[in-house]
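Here's the letter readout for the chains.
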Amino acid sequence: MNETAAQPILSVNNIEVIYNHVILVLKGVSLSVPEGGIVALLGANGAGKTTTLKAISNLLGAERGEVTKGSIVFKDDQVEALSPNDLVKRGCIQVMEGRHCFGHLTVEENLMTGAYTRKDGHGAIRDDLDLVYSYFPRLKERRSSQAGYTSGGEQQMCAIGRALMSRPNMILLDEPSMGLAPQLVEEIFEIVKLLNEKEGVSFLLAEQNTNVALRYATYGYILEAGRIVLDGDAAALRDNEDVKEFYLGVGGEGRKSFRDVKHYKRRKRWLS
Amino acid sequence: MLFFIETVLSGLMAGVMYSLVALGFVLIFKASGIFNFAQGVFCLFAALTFVGIMEKTGVPWPVSFVLTVGVMIALAWAIERFLLSHLVNQEPIILFMATIGLAYFLEGLGDLMWGSDVKPLDIGLPSGASDWMLDTFDIYVEKLEVVAAVVAAALVTGLAVFFQKTRIGRALRAVADDHQAALSVGISLRTIWVIVWSVAGIVALVAGIMWGAKSGVQFSLSLIALKALPVLILGGFTSIPGAIVGGLIIGVGEKVAEIYLGPFVGGAIENWFAYMLALAFLLVRPQGLFGERIIERV
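If you read the protein sequences in the order shown, they are chains A and B.
Each residue of the first sequence is one higher than the one before, starting from 2 at the first, in the numbering used here.
Each residue of the second sequence is one higher than the one before, starting from 443 at the first, in the numbering used here.
Honestly, the hints are just simulated from the structure, not real lab data.
A hint or two may mislead.
The calculated lysine-lysine pairs, modelled on DSS-like cross-linking and capped at a C-alpha distance of 30 angstroms, are [what the hints assert, rightly or not]:
1. K120/A - K656/B
2. K90/A - K120/A
3. K28/A - K245/A
4. K607/B - K141/A
5. K28/A - K76/A
6. K607/B - K90/A
To give an idea of the chain A side of the interface with chain B (calculated C-beta under 7 angstroms), a few residues [said to hold, decoys possible]:
7. L60
8. M97
9. H101
10. H105
11. T114
12. T118
13. L231
Reference listing, derived: stretches of chain A covered by chain B, where coverage requires no fewer than 3 residues with Cβ under 8 angstroms from a Cβ of chain B [to be verified]:
14. 16-24
15. 198-208
Please read these numbers as outputs of a predicted model, since none were measured by experiment.
Just so you know, even glycine gets a beta-carbon here, dropped at the ideal spot from N, CA and C.
Using the sequences and the hints given, assemble the complete structure.
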């Protein structure tokens with residue numbers, strides 16, 4: 002469906018998600034993430050971004066959600082029936098929206114929980130801890146304070162660092178910008194880019210902050226009401242008139258009369 | 443003065459016994475947010491199994507101990523498999539009701555398997571007064587209670603190390619903090635629950651043996667769970683040190699109140715003092731002495 006040259010590490014094929022046996026949230030979503038890519042999943046509140054990520058990481062079960070159609074393929078294996086635990090072992094981990102650090106554990110203990118599934122010994126885990134600290138020097142300063150008492154930015158770093166400790170090939174990053182100052186958002190995204198380049202981690206990034214996300218991602222999908230309505234290279238999406246109008250808040254040529262404002266109605270462009 | 447010290451000491455020792463029972467509650471509450479009403483019956487069931495195995499097969503007590511540990515682990519697995527896994531995401535009160543059901547089920551099962559008569563538990567634990575204390579300080583101390591205190595101390599130290607230093611211990615605390623996040627980093631809740639319930643079962647076994655040695659293994663053993671409640675309220679539901687300190691305070695408070703306040707109100711203070719203390723505590727410090735404060739960043 003997309004023309005990226007690299008082999009996809011993750012592909013989601015036409016999945017449907019139903020909550021509580023009745024509420025249809027995703028109505029046939031397909032996307033793919035190339036090996037070593039950063040792909041952004043954009044959309045407003047309730048569009049289904051988090052549900053898509055949780056469907057991939059299999060955290061839906063705990064919320065009585067269920068993938069009822071379609072398939073999810075990670076590194077050539079079908080994974081939609083696996084437990085989150087299995088998926089983390091295979092190298093796909095989610096950083097949840099709202100950070101979700103373990104508040105009563107210290108920052109370092111938080112990071113160590115990320116290595117829970119690893120079996121490659123203390124030495125390797127120790128090395129990775131140092132690696133995480135090299136990316137997030139702030140965490141090293143606060144390593145022995147309870148995570149609940151650290152700032153929002155530090156908690157986000159802690160959550161990403163914790164995911165890194167599992168030695169993932171792919172991180173599903175849900176709304177890393179939530180509740181952070183613009184400067185910190187840049188800082189976090191810079192680190193995401195660095196991790197992508199240096200550690201070869203692929204990212205699927207759910208974001209409401211379209212502006213930042215499209216600057217760091219290589220490819221983007223726009224999700225509306227449980228369907229993907231638009232996808233393309235990040236640069237192309239940034240220049241798309243509809244994206245500008247609805248997601249970037251720039252309508253092009255200056256102030257407009259309300260008569261000229263586009264109605265919130267789109268051409269039908271369902272992908273699947 | 444000597445008499446006062448004696449009172450306090452005997453209170454401390456009784457308190458240790460309460461702490462042992464309260465520990466089991468704390469473990470399960472911490473890791474799964476479930477108030478396990480069946481913890482008292484756990485003690486009874488474990489002690490019954492322990493004595494029953496010795497009686498029926500005639501094996502020495504260490505063998506029986508190991509076998510009973512196996513039974514408690516199997517029980518934990520069964521509870522997870524047939525009870526908890528079907529009740530994921532339910533309200534705490536529903537889980538609480540489930541543990542009440544579990545309590546009666548286990549009571550019946552213990553009865554069915556080992557009979558309902560009072561069984562003496564004799565594994566050679568020392569009893570009677572400690573001569574040495576009597577001779578040197580002129581203080582009366584029960585040997586059994588000293589043993590209980592030492593065992594409790596060892597158990598608590600072991601648990602503390604387990605929780606603070608090991609991978610599984612860290613995972614347990616992580617689960618206690620945030621189920622969802624624990625899932626997301628690949629911690630399997632089912633494994634963790636089996637481990638927690640197993641540990642609680644083993645703690646119950648130790649507590650059951652101590653109480654059994656004191657007063658025989660009988661069905662009233664399951665009622666000591668009720669004595670653990672004020673201990674928990676005092677110490678905090680989520681704190682292991684809290685369970686210990688709470689138990690000690692209740693133990694000492696009871697004995698001292700019985701002896702020094704009892705005569706003024708006609709005695710029998712021991713039966714209700716703990717609950718009054720807990721009630722007063724709830725008004726002042728609802729999270730208990732060592733309960734985890736809810737961290738809220740503003």
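Here is what the structure says about each hint:
no., hint, verdict
1, K120/A - K656/B, "violated (45 angstroms)"
2, K90/A - K120/A, "holds (10 angstroms)"
3, K28/A - K245/A, "holds (25 angstroms)"
4, K607/B - K141/A, "holds (19 angstroms)"
5, K28/A - K76/A, "holds (24 angstroms)"
6, K607/B - K90/A, "holds (23 angstroms)"
7, L60, "holds (6 angstroms)"
8, M97, "holds (5 angstroms)"
9, H101, "holds (4 angstroms)"
10, H105, "holds (5 angstroms)"
11, T114, "holds (5 angstroms)"
12, T118, "holds (4 angstroms)"
13, L231, "violated (29 angstroms)"
14, 16-24, "violated (count 0)"
15, 198-208, "violated (count 0)"
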